[in-house]
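Engineer: In case you want the letters, here they are:
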Amino acid sequence: MGRFIVRRLIGVVLLLIIVSAATFAVFFLGPKFVGADVARNFCGRVCNQQSLVEVKAKLGLDKPIYEQYGAYVKGVVAGRDFVTGTDTTHCSAPCLGYSFKTDQSVWFLMKDRLPITFSLAIGAALMWLVSGVAVGILSALRRGSFFDRAAMSVALAGVSLPVYFTGLVALSIFSYKLKWFVNVHYVGFTSNPALWAKNLLLPWICLAFLYAATYARLTRANMLETMGEDYIRTARAKGLPESVVIRRHGFRAALTPIVTIFGLDLGGLLGGAILTETVFGFPGVGKLAYDAIATQDLPVVLGVTVFAAFFIIMANLIVDVAYAYVDPRVRYG
Amino acid sequence: MSRIQLVRAGSLAAVLALGAAACGGSSGSKPPNNPGVSAAYNAAIGGVVNQSTKTGGTINFVASSDFDSLDPARTYYAYSWDYQRIYQRTLMMFKPVPGKAGASVTGDLADGPGKLSDGGKTVSYTLRDGISFQDGKAITSADIKYALERSFAQDVINGGPGATYLSPILVGGATYKGPYKQPAGLSSIDVSDPKKITFHLTKPFADFDYLMALPISTPVPKAADTGKNGGANYQFHVVSSGPYMIPPGGYSPGKNLTLVRNPNWKKSSDPNRLALPDKINLTEGLDSTDEDQRVLAGSADMEIEGTGVQQDAQSKILTGATLKANADNPSTGFTRYISIQQTVAPLNNVHCRRAVQYAADKVALQFARGGPVAGGDIAGQMTPPTLPSYKKINPYPSGSDNKGDLVKAKEELKLCGKPTGFSTKIATTNKGKGPAVGEALQQGLARVGIKTQIIAVDPSTYYSGVIGLPSNVKKQGLGLAVAGWGPDFPTPYGFFESIVDGRAIKPEGGNSNYAELNDPAINGLIDQAQGETDATKRNDIWAQVDQKVMDSAVYLPFVADKALTYRSPRLTNVYINDSFGIYDFVNMGVSG
Numbered sequence: 001m002g003r004f005i006v007r008r009l010i011g012v013v014l015l016l017i018i019v020s021a022a023t024f025a026v027f028f029l030g031p032k033f034v035g036a037d038v039a040r041n042f043c044g045r046v047c048n049q050q051s052l053v054e055v056k057a058k059l060g061l062d063k064p065i066y067e068q069y070g071a072y073v074k075g076v077v078a079g080r081d082f083v084t085g086t087d088t089t090h091c092s093a094p095c096l097g098y099s100f101k102t103d104q105s106v107w108f109l110m111k112d113r114l115p116i117t118f119s120l121a122i123g124a125a126l127m128w129l130v131s132g133v134a135v136g137i138l139s140a141l142r143r144g145s146f147f148d149r150a151a152m153s154v155a156l157a158g159v160s161l162p163v164y165f166t167g168l169v170a171l172s173i174f175s176y177k178l179k180w181f182v183n184v185h186y187v188g189f190t191s192n193p194a195l196w197a198k199n200l201l202l203p204w205i206c207l208a209f210l211y212a213a214t215y216a217r218l219t220r221a222n223m224l225e226t227m228g229e230d231y232i233r234t235a236r237a238k239g240l241p242e243s244v245v246i247r248r249h250g251f252r253a254a255l256t257p258i259v260t261i262f263g264l265d266l267g268g269l270l271g272g273a274i275l276t277e278t279v280f281g282f283p284g285v286g287k288l289a290y291d292a293i294a295t296q297d298l299p300v301v302l303g304v305t306v307f308a309a310f311f312i313i314m315a316n317l318i319v320d321v322a323y324a325y326v327d328p329r330v331r332y333g
Numbered sequence: 334m335s336r337i338q339l340v341r342a343g344s345l346a347a348v349l350a351l352g353a354a355a356c357g358g359s360s361g362s363k364p365p366n367n368p369g370v371s372a373a374y375n376a377a378i379g380g381v382v383n384q385s386t387k388t389g390g391t392i393n394f395v396a397s398s399d400f401d402s403l404d405p406a407r408t409y410y411a412y413s414w415d416y417q418r419i420y421q422r423t424l425m426m427f428k429p430v431p432g433k434a435g436a437s438v439t440g441d442l443a444d445g446p447g448k449l450s451d452g453g454k455t456v457s458y459t460l461r462d463g464i465s466f467q468d469g470k471a472i473t474s475a476d477i478k479y480a481l482e483r484s485f486a487q488d489v490i491n492g493g494p495g496a497t498y499l500s501p502i503l504v505g506g507a508t509y510k511g512p513y514k515q516p517a518g519l520s521s522i523d524v525s526d527p528k529k530i531t532f533h534l535t536k537p538f539a540d541f542d543y544l545m546a547l548p549i550s551t552p553v554p555k556a557a558d559t560g561k562n563g564g565a566n567y568q569f570h571v572v573s574s575g576p577y578m579i580p581p582g583g584y585s586p587g588k589n590l591t592l593v594r595n596p597n598w599k600k601s602s603d604p605n606r607l608a609l610p611d612k613i614n615l616t617e618g619l620d621s622t623d624e625d626q627r628v629l630a631g632s633a634d635m636e637i638e639g640t641g642v643q644q645d646a647q648s649k650i651l652t653g654a655t656l657k658a659n660a661d662n663p664s665t666g667f668t669r670y671i672s673i674q675q676t677v678a679p680l681n682n683v684h685c686r687r688a689v690q691y692a693a694d695k696v697a698l699q700f701a702r703g704g705p706v707a708g709g710d711i712a713g714q715m716t717p718p719t720l721p722s723y724k725k726i727n728p729y730p731s732g733s734d735n736k737g738d739l740v741k742a743k744e745e746l747k748l749c750g751k752p753t754g755f756s757t758k759i760a761t762t763n764k765g766k767g768p769a770v771g772e773a774l775q776q777g778l779a780r781v782g783i784k785t786q787i788i789a790v791d792p793s794t795y796y797s798g799v800i801g802l803p804s805n806v807k808k809q810g811l812g813l814a815v816a817g818w819g820p821d822f823p824t825p826y827g828f829f830e831s832i833v834d835g836r837a838i839k840p841e842g843g844n845s846n847y848a849e850l851n852d853p854a855i856n857g858l859i860d861q862a863q864g865e866t867d868a869t870k871r872n873d874i875w876a877q878v879d880q881k882v883m884d885s886a887v888y889l890p891f892v893a894d895k896a897l898t899y900r901s902p903r904l905t906n907v908y909i910n911d912s913f914g915i916y917d918f919v920n921m922g923v924s925g
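If you read the protein sequences in the order shown, they are chains A and B. For the first sequence, position 192 (counting from the first letter as 1) is numbered 192 according to our numbering, and the numbering increases by one without interruption. With positions in the second sequence counted from 1, the corresponding number in our numbering is that position plus 333.
None of these hints come from the bench; they were simulated from the model. A quick note: this is a predicted structure, and the numbers were derived from the prediction, not measured. Idealized CB from N, CA, C, for every residue including glycine. Be a bit skeptical, because a hint or two may be false.
Stated by the list, open to error - Some, not all, of what chain A presents toward chain B, calculated at C-beta under 8 Å:
id : residue
1  : D37
2  : C43
3  : L52
4  : S92
5  : T166
6  : L168
7  : L171
8  : V182
9  : H185
10 : T226
11 : E229
12 : D230
13 : T234
14 : P283
15 : Q296
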């Protein structure tokens, strides 16, 4: 297992280098092909030739693209300085870039917003995992019943309704009309846990509604398939109670694909729940990305992309490791 | 675009000091000496709604995004300038009053307007007694000089308009690089007396008091602008000089800004501010629709950017009597126009430009901007109606229905040698209302055979590197460019200088005179106006500038901007300040 994890970690690093290099090229090389000058993004209002030259020198944009990327990677590992004349801007490791639009390091911007995105993603993930899987199992066990049909209809609605719709509807009803959740905004867990949970409840529900629907349908399909297997019949023939058959033999086998998709979904969300954060005005990593795209703050977009890739890749790694525990047939050498 | 187009960036005479005002008692200073009015639609335009001196409570503002910068030398958003007045003081300030008077200035740190000598080339201000920073240290003229010098350091703290205005006006300004590179400073700003600041100008400049009302004259203690908290990072550690300050941890960019009372602000030194609430919260980063709903539901008091409510809220407000009574539809001071590039053939021919002027469907363009309420009134000239030099003209009438005069357009096309029309490109932004305006223009011009291709570009580079880079305009053949402009300060100079003075053309980029208008007659009139001390005569000269600009047909104005805005009924002292075209935050309070 140890060797497997080390091998995968090396793979993670290589994959991150590929993702960051590709993203870097898109943002810093791409504009050249359409005649645009990246430096103008950072040049400010009074942008004459001299200030343009200074900006290029400060950001290293006057160097070949591979040197620029090299400096970027070095910054991630050891930090870097952006120097122009007497002015030096230091960006500490891990320097995922420096936003000259906000005068802050990208890592600082993201670190500041991580608790919000984590709070949102993990809370919602727990909700959708528990509710989605539970509904899926019950639907499978009561196939064709009213509950099954009703649950799958709701699940279909959940899959179909994007979070920017459910979010606005939820705000409209529960915040603006009924005033149960007035002035929804992020409150830090450490400053007031009760308010933290209260303010997150609507976003959690909206996000969980979207994902739980998928999980319910997936769990139901897997359970139906598993419960029809020969070994389930054997287990029943051996006289095992139905609850044990379902829990130990049915659910456990049906869980493997759920774990796979859960890892990917959670990893993606930790990289930023753009729509949910934007609709509810939660200044998390997703909102940071949204604002950076709107203002063409390329270092931030690049940083968030690499960051999101990191979480997705790491989630994949964790999922692979978790397989061994979920499914006894899987062992790593 | 002046004061960053998305959001653009006054004396309470005889406001008597009462000690309780700064301490949060139950009543404050004397009410503002202004017309108090009851809540009604458009009541805050010209009147003070819910006039009060009640102190205490918390105001909850909301915004969709962060300020461009809290550094007074860097900020260029109108609402940011307006907001900084709550906790920062400047040498002069726009009068905190409604109506036309709000577009004039009064002394803030200075005890009055600048005193002119040497034929208008020397301007002196005397500072008030009792002015201090939040740490209690007295503010001296050296702190203001240092602040102004900082705005020249564009390599470290870019973004603000200070260098653009001050470089050509101050002696030695043209070559000065700011205090980080040239710590000796500008000798043309004399602060040998800590209570007095004297400026030596290269030429008389009628609007100098207005320049000193911009955030660039907010005092900055040199000691606070050093080390890791100085330079580009000063924006996260600003030192307050007004009645409020940012407490430790009170500013999280993109999230929130909290203001609490500044214990070292002395009411006796500040006749312009009431300082009513105990605390002011600003929540940033909200979705625009969510912002509207929060304000309408009463969980927030006001959206501060002043761009107007979204369509959903607009319908609710305009159809509900109660909501409508708490709304206003002010002129923002912006003119929306099409720049007709005389450097791109065949638009180098004035008749081709006039054909465009006549052919455009201004009603369609108005609706592309949001219609008469959310968009604004149809315009026939560049000068916005909020400026004192405004005299209504319409040299290119668009027919009785404002949908274009196609007969005149075709006549002009014949005169320019293109009787069947011509082809060109329309440059516009790819976000907001830009694409719709481009399409409305395209359809209008197509009616007389002017075929156009729309080039839509991201706003972040559109003004600086696409239409603001003359060589790019020519290279890409961008004959028409969608644009908008509002004054940095509410004078005709503040509006026109950047967009019509040929000497302000920036060939290397960041150019705002998109049409590259360089008419010696217009340049001469600008100089004449700035040397004229009589305001009436000065405004007459600016009206001539407006006429000449329209004669050149390089700008096609189509809308004088308006926005539908909403004020919470619990807010007190609410009015539109004509300097900003949005609500004035400086003296707001809460009723409960």
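Engineer: State for each hint whether it applies.
Structural biologist: Status of the hints after comparison with the structure:
Satisfaction of the interface hint for D37 (chain A) is found here, the shortest Cβ-Cβ separation to chain B being roughly 6 Å, below the 8 Å cut-off. The criterion of a C-beta within 8 Å of any C-beta in chain B is met by C43 (chain A), whose closest approach is roughly 7 Å, and the hint holds. Interface restraint check for L52 (chain A): the shortest CB-CB distance to chain B comes to about 7 Å, inside 8 Å, so the restraint holds. This hint is violated: S92 (chain A) has a C-beta 11 Å from the nearest C-beta of chain B, more than the 8 Å allowed.
Checking T166 (chain A) against chain B: minimum C-beta separation of about 14 Å lies over 8 Å; hint violated. Checking L168 (chain A) against chain B by beta carbon gives a least distance of about 7 Å; that is within 8 Å, so the hint holds. Taking 8 Å as the C-beta cut-off, the interface hint given for L171 (chain A) holds, the closest approach to chain B being about 6 Å. With a least beta-carbon distance of about 5 Å to chain B, the hint placing V182 (chain A) at the interface is held under the 8 Å criterion.
Of the supplied interface hints, the one on H185 (chain A) holds, with its beta-carbon coming within about 6 Å of a beta-carbon of chain B, less than 8 Å. Taken as an interface hint, T226 (chain A) does not check out: its beta carbon lies about 43 Å from the nearest beta carbon of chain B, beyond 8 Å. Proximity of E229 (chain A) to chain B is violated relative to the hint, the smallest CB-CB distance being about 48 Å (cut-off 8 Å). The beta carbon of D230 (chain A) is not positioned within 8 Å of any beta carbon in chain B (closest approach about 53 Å), and the interface hint is therefore violated.
Interface hint status for T234 (chain A): violated, as the beta-carbon distance to the closest one in chain B is roughly 55 Å, over 8 Å. With a least beta-carbon distance of about 4 Å to chain B, the hint placing P283 (chain A) at the interface is held under the 8 Å criterion. Checking Q296 (chain A) against chain B: minimum C-beta separation of about 4 Å stays under 8 Å; hint holds.
Figure legend: structure checked against the earlier numbered hints; hints not met, in rising order: 4, 5, 10, 11, 12, 13.
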